[in-house]
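A.B. asks: Spelled out, the chains give:
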Amino acid sequence: MSPQVRDTWRQWRLPLAMLGVFILLAIATAALSSPTPGGYLDPDATTPEGAHALTQLLRDQGVEVNVATTLDEARRTARAGALLVVARTEFLIDDTILAGIAELPGDRLIVEPYREALDTLAPHVREQGTRRTQIVFPQCDLREATRAGGARMGGTLFNVTAGAYRCYRLDGAASLLRYADSGRTITVVGSGEFMTNQRLAEQGNAALALNLAGVRPSVTWLAPRVPQGLATGDTSLFDMIPAGVKWAAFQLGLVVLVVALWRGRRLGPLVTERLPVVVRASETAQGRGRLYRARRARDRAAGALRAAWLDRVVPLLGLTGISTGEEIVAATAARTGQDALQIRTTLYGDAPGDDAALVALARDLDTLERQVGDT
Amino acid sequence: MALTGRAGLFALLGAVVVLVAPAPGQAVLGWLLLLLALVVIDVALAGSVRRLRFRRDGDQLVRLGDTASITLLVENPGRRRVRGMLRDAWPPSAQARPARQRVDIPAGERRRLTTTLTPLRRGDSGAVTVTVRSLGPLGIAGRQGSHRVPWQVRVLPPFLSRRHLPSRLARLRELEGLHPVLVRGQGTEFDSLREYVVGDDVRSIDWRATARRNDVVVRTWRPERDRRVLIVLDTSRTSAGRVGVDPLATTTEAGATGERGAGGWPRLDWEMDAALLLAALAARAGDRVDFLAHDRVVRAWVSGASRTELLSVLVNAMAPLEAELVEADARAMVSAVLARAKHRCLVVLLTDLNSAALEEGLLPVLTQLSSRHLVLLAAVSDPAVAAMAAGRESAEAVYDAAAAEHQRVERRRITARLRRHGVEVVDALPEDVAPALADAYLALKAAGRL
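First to last, the sequence lines map onto chains A and B.
Residues in the first sequence are numbered from 1 upward in steps of one, following this note's numbering.
Residues in the second sequence are numbered from 1 upward in steps of one, following this note's numbering.
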């Protein structure tokens, strides 16, 4: 690794490590604490209005739960002898989709159906008002309901012409209906609240939910998350743009072309010129300085400073270039009155051990030179 | 052919039309055809550029830092008016202003346009092309064409040191003496004989002349004249380095001031400045000045110029010189000097005191030169290095200071070696080198060493 890379790494590793720890913590917290998001009666949602607890209970009892969010997914797993749970019917607004669901085989449990869904999936049933959900007792002979006892029912209330179990009645209308139609059992409940994670532990909610949903070895739980049956037409967004706008955009392209031709035509040729060399004369000295610095060449640097000092000061002392070091030290000591030993260390001592010592040496030399000059 | 902004605007208007048109496809096509038709009409009706005739006039010489103005006479012999833009293209460093100007020349008439140049660089600057864009009556499109109208402006060295000339001339007159001196000394030559007046030194009486006449006659003396000075300018790599502060930066455009001033001026330019002051002074002192520029080959050679036109000949010779990025060939330089200077003369070498370059180049052949001629070496020292040598505030600054001191010691050592060889050395800061060289010349002249 080059020094620069190493320095960069040293500088950034702590922030990077902190960032990494932060991300890991965030992931761990998210994975451990936050509920799996999802809407009302979503079999995967662990939020209060989700239905994950119920599907988990069903799976624990050996029931195969197939989660479906679209008609195609439901079609893949629905079969005769299985149960099809239809929830979130507000998303099933397309007639063809509803018809497709109606054609699926097997028993049905329809949760909180809207009128269109009710008309298609349970044609004999009529809506008859709504009530707030509350704990209601079965008041009917349906074994699943009587064994569960009181449960949170209500919501949409239904009535039927004939031949059906009408349970959890409020004001004479049932919030749970069960009847048989062309060989299959159709159950309609006016509220799915008793199946949610929040309410499952309440009264006989769990028992009722398990009794209704767990009677078959396989359950297909259809709970769409987005409105189904939209934007299935062949017209794309582009087709809906008026032709004038498209051609105007084309024309804007032409405008860009014309403007490019206008701006792109230079008034005459580019003029080239031979450029002179621009180099500071002091760059060689600077380069040498950097080299000293990069290699920490304190011995060289101290040598150069001392040589320059001798060069300047020896003539001031009345000595010549051939004078010995002892003579120079003695003459300097005599002139300045400083300690000869200290002067010898400054002028001829060892190379400085660190950068601070080098700076100190340079200042000592300056002081000594000033003292020689002053006296 | 050239389009204008109006063509773009017209096309943009088309976008609005297309947006509301009942048949947008056809509208696009129709608008495009309309635009094409307008462009064709406009180009056809625009005045011809090719038939324009040009003539130039104006300055051919300008000092660096001054402004030259060039007039361009444009004649339109065609049948249609030429209206539009004209660009007189010069190299960027010539700073031609205005960069482009409007022209409107009715058929058969002519117009005079002026371009001013404020060159940033010495040397020859040539006009490149004159380009005219002639627009049609609608102003949607036009014709464009270029003409070569050659013109050359020579940008001369600024000779900033001429402000030092009056004081040095005064010193020279002092030296010569407005009255011829009576004392014979070094550096004097016989001037004339005149009658003795009381107070004259009796030793200067010319007895032989006195014997011929009935009067007592004394000899008078004056400083020597008609010596030869050969200025040798080193144009090799060491002269390319920039030192000091660009003296022209304050007088040129404000926008470029900071970086240009801080960028310094090449040693070559400082040396030229010093050479010009020396030449002006020596010419006044009655000496003959020759000039040689050399790196590996002779770049310029001026000889035998008369006293009055010496300076103009010199600046003309110096103007195109640039420092070449080659090592100087001192051997070739010495032989070039020896071949040209038959008599003893003062050889002024303007180069850098670069120990490596001098030790390998000049020192081995210096004796050939110094045995026949008096050699004076002038060099420009770098104030940035002196500033670096004083740095003490941090370890980095001290390392730099050590490197600078190293260079200065080398410089002093090479100076000492040159002086041992009998070479006079002038080592001065950029602003001081011209007067210092002039002073050194005057000192040599006073000492009669020429």
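Note that these hints are calculated values from the structure, not bench results.
A portion of the hints provided could be inaccurate.
[Stated by the list, open to error] Result set (SDA-like, lysine to any residue): computed pairs, CA atoms no more than 25 Å apart in a straight line:
| # | chain 1 | residue 1 | chain 2 | residue 2 |
| --- | --- | --- | --- | --- |
| 1 | A | K246 | B | D215 |
| 2 | B | K342 | B | A332 |
| 3 | B | K342 | B | A416 |
| 4 | B | K342 | B | R112 |
| 5 | B | K342 | B | R299 |
| 6 | A | K246 | A | S236 |
| 7 | A | K246 | B | L9 |
| 8 | A | K246 | B | P22 |
| 9 | A | K246 | B | G30 |
| 10 | A | K246 | B | L35 |
| 11 | A | K246 | B | R225 |
| 12 | A | K246 | B | L13 |
| 13 | A | K246 | B | F10 |
| 14 | B | K342 | B | R225 |
| 15 | A | K246 | B | A15 |
A.B. asks: Could you run down the list of hints and mark each one as holding or not?
C.D. replies: Structure-based check of all given hints:
| no. | hint | result |
| --- | --- | --- |
| 1 | A:K246 to B:D215 | violated, 119 Å |
| 2 | B:K342 to B:A332 | holds, 16 Å |
| 3 | B:K342 to B:A416 | violated, 29 Å |
| 4 | B:K342 to B:R112 | violated, 54 Å |
| 5 | B:K342 to B:R299 | holds, 20 Å |
| 6 | A:K246 to A:S236 | holds, 14 Å |
| 7 | A:K246 to B:L9 | holds, 19 Å |
| 8 | A:K246 to B:P22 | holds, 13 Å |
| 9 | A:K246 to B:G30 | holds, 16 Å |
| 10 | A:K246 to B:L35 | holds, 20 Å |
| 11 | A:K246 to B:R225 | violated, 93 Å |
| 12 | A:K246 to B:L13 | holds, 16 Å |
| 13 | A:K246 to B:F10 | holds, 19 Å |
| 14 | B:K342 to B:R225 | holds, 17 Å |
| 15 | A:K246 to B:A15 | holds, 10 Å |
Hints 1, 3, 4 and 11 from the list above are not met by this structure, while the remaining hints are.
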